[in-house]
Amino acid sequence: MIKNYLIIALRNFWRNKLFTFINIIGLSIGISAAIVIYLIVNYDFTFDKFHKDGDRIYRVVSNFTYQSEIGYNSGVCGPLAGAIKNQVPGVEITVPFFGIYGPDVIIPEKEKVSEKYKKQDGVILAGPDYFKLFKYEWVIGSPKTALTEPNNVVLTTDQAKRYFPSLQYHEMIGKVIIYDTLKVTLTGLIKPFKQKSDLTFHDFISLSTATNGSNKALFSYVNLTSWDHTNSVSQLFIKLLPDVSPKLVEKQLKQILLKNNPPTPDRKGSSHSFVLQPLNDLHFNERFGIFDFTANSSVASKTTLFGLLVIAIFLLLLACINFINLTTAQASKRAKEIGVRKTMGSSRWQLIIQFLTETFLLTLIAVLISIVITPNLLKLFSNFISSGIKFNLPHQPNIVLFLVLLTLLVTFIAGFYPAIILSASKSVTVLKNQSLSNNRKTRSTILRKTLTVAQFIIALFFLMGTILVAKQIHYVLNKDLGFKKDAIVTISTPWKNNNQAKRQVLLNKLYSLPQIQLISVGEDPPLTGGERFTEVSYLDGKKEIKSNLLLKYGDKNYLKVFQIKLLAGRDLLSSDTLQQMIINDTYAKIIGCRYAQDAIGKYIDMDGKKSEVIGVTADFHEHSAHSIIKPLALLSIGIDKNNSEFHLALKPQSADGHEWKTAIAGMRNAWKEVYPDNDFDYEFFDEAIARQYYREQNTSTLLTWATSLSILISCLGLLGLTIYTTNQRTKEIGVRKVLGASVTQLVTLLSKELSLLILLAFVITTPFAWIAMNKWMQSFADRTAISWWIFALSGGGMFIIALITSGFQTVKAAIANPVKSLRSE
Amino acid sequence: MLSLKNISKYYQIGGNKSFVLNNVSLEVEEGEFVSIMGPSGSGKSTLLNIIGMLDEPSEGYHYFAGNAVHQLKEKQRAALYKQYVGFVFQAYHLIDELTVYENIETPLIYQNYSGSDRKAIVADMLDRFQIVGKKDLFPAQLSGGQQQLVGIARALITKPKLILADEPTGNLNSKQGIEIMELFAKLNKEDKVTIIQVTHSEKNAGYGSRIINLLDGKIDSSIKL
Chain E
1 MIKNYLIIAL
11 RNFWRNKLFT
21 FINIIGLSIG
31 ISAAIVIYLI
41 VNYDFTFDKF
51 HKDGDRIYRV
61 VSNFTYQSEI
71 GYNSGVCGPL
81 AGAIKNQVPG
91 VEITVPFFGI
101 YGPDVIIPEK
111 EKVSEKYKKQ
121 DGVILAGPDY
131 FKLFKYEWVI
141 GSPKTALTEP
151 NNVVLTTDQA
161 KRYFPSLQYH
171 EMIGKVIIYD
181 TLKVTLTGLI
191 KPFKQKSDLT
201 FHDFISLSTA
211 TNGSNKALFS
221 YVNLTSWDHT
231 NSVSQLFIKL
241 LPDVSPKLVE
251 KQLKQILLKN
261 NPPTPDRKGS
271 SHSFVLQPLN
281 DLHFNERFGI
291 FDFTANSSVA
301 SKTTLFGLLV
311 IAIFLLLLAC
321 INFINLTTAQ
331 ASKRAKEIGV
341 RKTMGSSRWQ
351 LIIQFLTETF
361 LLTLIAVLIS
371 IVITPNLLKL
381 FSNFISSGIK
391 FNLPHQPNIV
401 LFLVLLTLLV
411 TFIAGFYPAI
421 ILSASKSVTV
431 LKNQSLSNNR
441 KTRSTILRKT
451 LTVAQFIIAL
461 FFLMGTILVA
471 KQIHYVLNKD
481 LGFKKDAIVT
491 ISTPWKNNNQ
501 AKRQVLLNKL
511 YSLPQIQLIS
521 VGEDPPLTGG
531 ERFTEVSYLD
541 GKKEIKSNLL
551 LKYGDKNYLK
561 VFQIKLLAGR
571 DLLSSDTLQQ
581 MIINDTYAKI
591 IGCRYAQDAI
601 GKYIDMDGKK
611 SEVIGVTADF
621 HEHSAHSIIK
631 PLALLSIGID
641 KNNSEFHLAL
651 KPQSADGHEW
661 KTAIAGMRNA
671 WKEVYPDNDF
681 DYEFFDEAIA
691 RQYYREQNTS
701 TLLTWATSLS
711 ILISCLGLLG
721 LTIYTTNQRT
731 KEIGVRKVLG
741 ASVTQLVTLL
751 SKELSLLILL
761 AFVITTPFAW
771 IAMNKWMQSF
781 ADRTAISWWI
791 FALSGGGMFI
801 IALITSGFQT
811 VKAAIANPVK
821 SLRSE
Chain X
826 MLSLKNISKY
836 YQIGGNKSFV
846 LNNVSLEVEE
856 GEFVSIMGPS
866 GSGKSTLLNI
876 IGMLDEPSEG
886 YHYFAGNAVH
896 QLKEKQRAAL
906 YKQYVGFVFQ
916 AYHLIDELTV
926 YENIETPLIY
936 QNYSGSDRKA
946 IVADMLDRFQ
956 IVGKKDLFPA
966 QLSGGQQQLV
976 GIARALITKP
986 KLILADEPTG
996 NLNSKQGIEI
1006 MELFAKLNKE
1016 DKVTIIQVTH
1026 SEKNAGYGSR
1036 IINLLDGKID
1046 SSIKL
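Top to bottom, those sequences are chains E and X.
Here our numbering is used: the first sequence runs in plain steps of one and ends on residue 825.
Here our numbering is used: the second sequence runs in plain steps of one and ends on residue 1050.
Hints in this document: simulated from the structure, not taken from any laboratory.
A virtual CB, placed ideally from N, CA and C, is assigned to each residue, including glycine.
Warning: the hint list may mix true and false statements.
[Claimed, not checked] Which residues of chain X face chain E? A partial, calculated answer using Cβ under 8 angstroms:
1. 835
2. 927
3. 1014
4. 1046
[As the list claims (entries may be wrong)] In the SDA-like style, the derived pairs of lysine to any residue whose C-alpha atoms are separated by at most 20 angstroms in a straight line are:
5. X:900 to E:353
6. X:907 to E:621
7. X:1011 to X:1031
8. E:502 to E:348
9. E:426 to X:897
10. X:907 to E:11
11. E:17 to X:851
12. E:183 to E:218
13. E:426 to X:921
14. X:900 to E:350
15. X:898 to E:158
16. E:426 to X:1013
17. X:960 to E:502
18. E:3 to X:945
19. X:898 to E:348
20. E:426 to X:963
21. E:118 to E:158
22. X:944 to X:965
23. E:3 to X:963
24. X:898 to E:424
25. E:333 to X:921
26. E:426 to X:881
27. E:118 to E:66
28. X:898 to E:349
29. E:3 to X:1011
30. X:907 to E:350
31. E:426 to X:1011
32. X:907 to E:348
33. E:333 to X:963
34. E:560 to E:621
35. E:3 to X:897
36. E:426 to X:965
[Stated by the list, open to error] Stretch by stretch, here's where chain E covers chain X in the computed footprint (C-beta under 8 angstroms, at least three residues):
37. 851-864
38. 930-937
39. 1000-1010
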């Protein structure tokens, strides 16, 4: 029986090549999108799921409240771990560990020059407890003993092979490895986790190396005494006993904090608390990040993932709608076959199964096509999705299962309704040729219109969203930020092995390059970079005005390089110190100066010292458009400051545009002469600003794709429907033509219904789109208007696209010779 | 074989009943060859469809092979139909997407015959109708007479006790028509198949054993030949 069904299915596909083609294309797009999105979502949701009792493992993190602003830190203060061990009974294991920022690793060798591995990430200080909490497979050594003694290190096998490429594992044990200056001995080797994990550390130095106090620098690094300092490298994981509530533990931690670090009057308005972050939240929480001392560990956004899921569902839905529309439209074509089969003894269920078999076959073809497409899609989106996402069916049984379920689901959604409709036709009416006359306004016609409107709604929604996101990105990237951002290159001088003389040499060499106009030495540029706040106060008569002031550091060229406008007072001079400051207009207003000029000469109390306001700048955007302009001060900093940043204003390029390339090459040479051990790194300021909006750019890319695909699928469906309806109305068109209708009148007649459908979809979509747009815009303090033309453009665009899609068929039908269409009847 | 008692079929149009069949009673014995005649709109096809259980009467009692059809559920009726009845249509109604072989085979599929059984039965039938050479052709590649031959072969494939034919020669030329009618007469005589046909032609009606004349939904006359 199945064979018979398959044969007739294939012959039907062949007979209706266009419909089959449209259905397969639509389904392939929908299914490919579903596969890619499944891969992404599945990837991000399966991090660190394999740990034993993972639901009882938490990371302790810190929240700071300061004048109603909350700060988040993924670390805790050093003494907390010890306090938890002794004073919190509900905790089974307490695991503190400390990340080390990019140490250079040296493998000393007797005969040859020592091998050096620069800026390694994934190096931590950890104790044996770490391996009690997270179970690794040990190749050599034991979790109990390998890290108990100071100056020992455990490596993952991958990392060990990098350091000692020519040695067998057992030969590596006992070898010496130097991290910057710290000499340690290899005592154990572990296998890295096979499953996905954010715990990507591969060098574990025994924690006792730092805590026993013999190494002063490390001892102060892990800070076992001060409750006042919180560093994000200082990580603390705990495992609770079964049935212990994390809320209770948080309360106990609060008590410990109050006891050891009681609030003082000068800390009024600020508070500090500890929060238990569940292990499964680690991969998703943007506030805390994963570990800021390891590379490539960016958090995944659940919102983005859910957005992706919605897109996948919509695209699949669109494809299913096409299928339903086209299949029910063809129902009368197949009515005869159905009637005949019924008179030959087929039951309705057998017919339903037959039609579902057809749908299944079509879906299966689409799935097979998708399997071929998917790896290419992954390549296409490679800078957008994580490199860990792979598509390799034989090794991913869960994806095979997903595909099987997807095939069945799509078959059911797309096929069930048409199967019911098709199988319902009565054999008697069919055999009397009644259904072929097609004069009925059936339920399925109404359903088809509803579904077509639904398709337009989805496509319109995406289209409106895309235009808005693009408009906002264009707005934030092109608005006047209050400073110049083009033709400025920033380079950071290194942390280590650096001094003022070297920086001065570099500065002089850079100035000798003809393409460079001006250089400012300082810290972060006006926008981007880290942020440093300090609490200041200003005495206005009797009234004390306290503010949280954002600090920027620069020299006498800072305002000139970035072309920030000075409203009053003077620029910084080389002779200025921290006792002179330039403030922005916002802060001048806060301290009660109506005019910028009034602020000059006022004194601000900062860290117990008086600082004179010598100038006021116009406001400029020191944050991304997500937040408002805050009070800010520019302080003088000289070339004597370590790790300073150079901001280089380049001269404008000439038409052929080689100057900047030459300038960069010149900078590289200068750098290599001064810092031969360090890699030269530079960044154009405007690119750094654009990168702040990478999330919005990603959203934009994603939406553009979703829009194009949904419009494509909808238009294919529309094309199919138009072909069908114009065929249906051939006779009517013929009669009208004989009666004297012009081509224009006929095209209008045929397009009227379509226009009404689009209008309806537009009316339904607009309010929803408007609400969604407003919601999205909430995250911006500085936002573009949701203009009326976004909606007009989308609606108009959709209308034109739809008209073009259906127009060809419509015109063809209208200009056909009526003699032909009427003769056969 | 079957009996109809006071069968009516009507449609409600406005406040009036428009009768297609009005109080028709009819008995058909096994082995009969009945021809139903009458002008267009007299209710011939409706009567045939009701006999074949493709259509339901509005009123009346219908017995078929000892079963009270008017009391049966849809499913039981379908089972009865499957077991006893074969249909032949004026417009042949072959499935365009299936070959001659597959068209003839289809009823067997719905009767759950195994693959090898189907093969044997269909091969016999092709042989008997001498259309073995055409078994892989599609309906569109055959002449009208040949298509009707396939239609009859398909109707006979499940060895029905009753064949219902709705103007089987209506679309054929006279020579093809004679061949088909002779085939019916032969089936009736040699295989004892009961046949009820609707026809316009006196000549075709002459092949049967009884002629029933319908007029305005009522039996006008019933003549045994």
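Right, here's what the structure says about each hint:
A distance limit of 8 angstroms between C-beta atoms decides the matter here; for residue 835 of chain X the minimum to chain E is near 16 angstroms, and the interface restraint is violated. With its C-beta approaching chain E no nearer than about 7 angstroms, residue 927 of chain X sits inside the 8 angstroms limit, and its interface hint holds. About 26 angstroms separates the beta-carbon of residue 1014 of chain X from the nearest beta-carbon of chain E, more than 8 angstroms, and the hint is not met. Checking residue 1046 of chain X against chain E by beta carbon gives a least distance of about 26 angstroms; that is not within 8 angstroms, so the hint is violated.
For a cut-off of 20 angstroms, the pair hint linking residue 900 of chain X to residue 353 of chain E stands: about 17 angstroms separates their Cα positions. The hinted pair formed by residue 907 of chain X and residue 621 of chain E fails the criterion: a straight-line CA distance of about 83 angstroms is larger than 20 angstroms. Straight-line distance between C-alpha atoms of residue 1011 of chain X and residue 1031 of chain X comes to about 14 angstroms, which keeps the hinted pair within the 20 angstroms bound. The suggested pairing of residue 502 of chain E with residue 348 of chain E is violated, with an alpha-carbon distance near 88 angstroms, which exceeds 20 angstroms.
With a C-alpha separation of about 18 angstroms, the suggested pair residue 426 of chain E and residue 897 of chain X falls inside the 20 angstroms cut-off, and the hint holds. Simply put, residue 907 of chain X and residue 11 of chain E have alpha-carbon atoms about 27 angstroms apart, too far for the 20 angstroms limit, and the pair is violated. This hinted pair does not check out: residue 17 of chain E and residue 851 of chain X have alpha carbons roughly 50 angstroms apart, beyond 20 angstroms. Proximity of residue 183 of chain E to residue 218 of chain E is assessed by CA-CA distance (about 13 angstroms); at most 20 angstroms being required, the pair is judged to hold.
The straight-line distance between the Cα atoms of residue 426 of chain E and residue 921 of chain X is roughly 19 angstroms, inside the 20 angstroms bound, and the hint therefore holds. At most 20 angstroms may separate the alpha-carbon atoms for a hinted pair to count; residue 900 of chain X and residue 350 of chain E meet this at roughly 13 angstroms. Taking the CA atoms of residue 898 of chain X and residue 158 of chain E, the gap is near 73 angstroms; set against the 20 angstroms cutoff, the hint is violated. At most 20 angstroms may separate the alpha-carbon atoms for a hinted pair to count; residue 426 of chain E and residue 1013 of chain X exceed this at roughly 30 angstroms.
The straight-line distance between the Cα atoms of residue 960 of chain X and residue 502 of chain E is roughly 95 angstroms, outside the 20 angstroms bound, and the hint therefore fails. Distance hint between residue 3 of chain E and residue 945 of chain X is fulfilled; the C-alpha atoms sit about 18 angstroms from each other, no more than 20 angstroms. For the given pair, residue 898 of chain X sits about 14 angstroms from residue 348 of chain E by alpha-carbon distance, which is consistent with the 20 angstroms threshold. For the suggested pair residue 426 of chain E and residue 963 of chain X, the alpha carbons sit about 25 angstroms apart, so the restraint of at most 20 angstroms is broken.
As the CA atoms of residue 118 of chain E and residue 158 of chain E are separated by approximately 17 angstroms, the hinted pair is consistent with the 20 angstroms bound. Only pairs whose Cα atoms come within 20 angstroms are accepted, and residue 944 of chain X paired with residue 965 of chain X is rejected, the gap being roughly 23 angstroms. Between residue 3 of chain E and residue 963 of chain X, the direct Cα distance comes to roughly 18 angstroms. Compliance with the 20 angstroms bound is thereby established for this hinted pair. Pair hint residue 898 of chain X plus residue 424 of chain E holds up; C-alpha atoms about 17 angstroms apart against a cutoff of 20 angstroms.
Taking the CA atoms of residue 333 of chain E and residue 921 of chain X, the gap is near 11 angstroms; set against the 20 angstroms cutoff, the hint holds. Of the pairs offered as hints, the one joining residue 426 of chain E and residue 881 of chain X holds, with about 12 angstroms between alpha carbons and a cut-off of 20 angstroms not exceeded. About 38 angstroms separates the Cα atoms of residue 118 of chain E and residue 66 of chain E, which puts this hinted pair outside 20 angstroms; it is violated. Restraint check for residue 898 of chain X and residue 349 of chain E: satisfied, since their Cα atoms lie roughly 16 angstroms apart, inside the 20 angstroms limit.
Simply put, residue 3 of chain E and residue 1011 of chain X have alpha-carbon atoms about 35 angstroms apart, too far for the 20 angstroms limit, and the pair is violated. Between residue 907 of chain X and residue 350 of chain E, the direct Cα distance comes to roughly 14 angstroms. Compliance with the 20 angstroms bound is thereby established for this hinted pair. The hinted pair formed by residue 426 of chain E and residue 1011 of chain X fails the criterion: a straight-line CA distance of about 33 angstroms is larger than 20 angstroms. Pair hint residue 907 of chain X plus residue 348 of chain E holds up; C-alpha atoms about 14 angstroms apart against a cutoff of 20 angstroms.
Under the criterion of a C-alpha separation no larger than 20 angstroms, the hint pairing residue 333 of chain E with residue 963 of chain X is consistent with the structure, at around 17 angstroms. Using a Cα cut-off of 20 angstroms, the hinted pair residue 560 of chain E and residue 621 of chain E holds, with the two alpha carbons roughly 16 angstroms apart. The suggested pairing of residue 3 of chain E with residue 897 of chain X is violated, with an alpha-carbon distance near 33 angstroms, which exceeds 20 angstroms. With a CA separation close to 24 angstroms, the supplied pair residue 426 of chain E and residue 965 of chain X exceeds the 20 angstroms bound.
Interface restraint, the region 851-864 of chain X with chain E: violated (0 residues with C-beta to C-beta distance below 8 angstroms; minimum three). With 6 residues having a beta carbon nearer than 8 angstroms to a beta carbon of chain E, the region 930-937 of chain X meets the requirement of three or more and the stated coverage holds. Coverage of a stretch by a chain is defined here by at least three residues with a beta carbon nearer than 8 angstroms to that chain's beta carbons; for the region 1000-1010 of chain X and chain E the count is 0, and the condition is violated.
This entry does not satisfy hints 1, 3, 4, 6, 8, 10, 11, 15, 16, 17, 20, 22, 27, 29, 31, 35, 36, 37, 39, going by the numbered hints stated previously.
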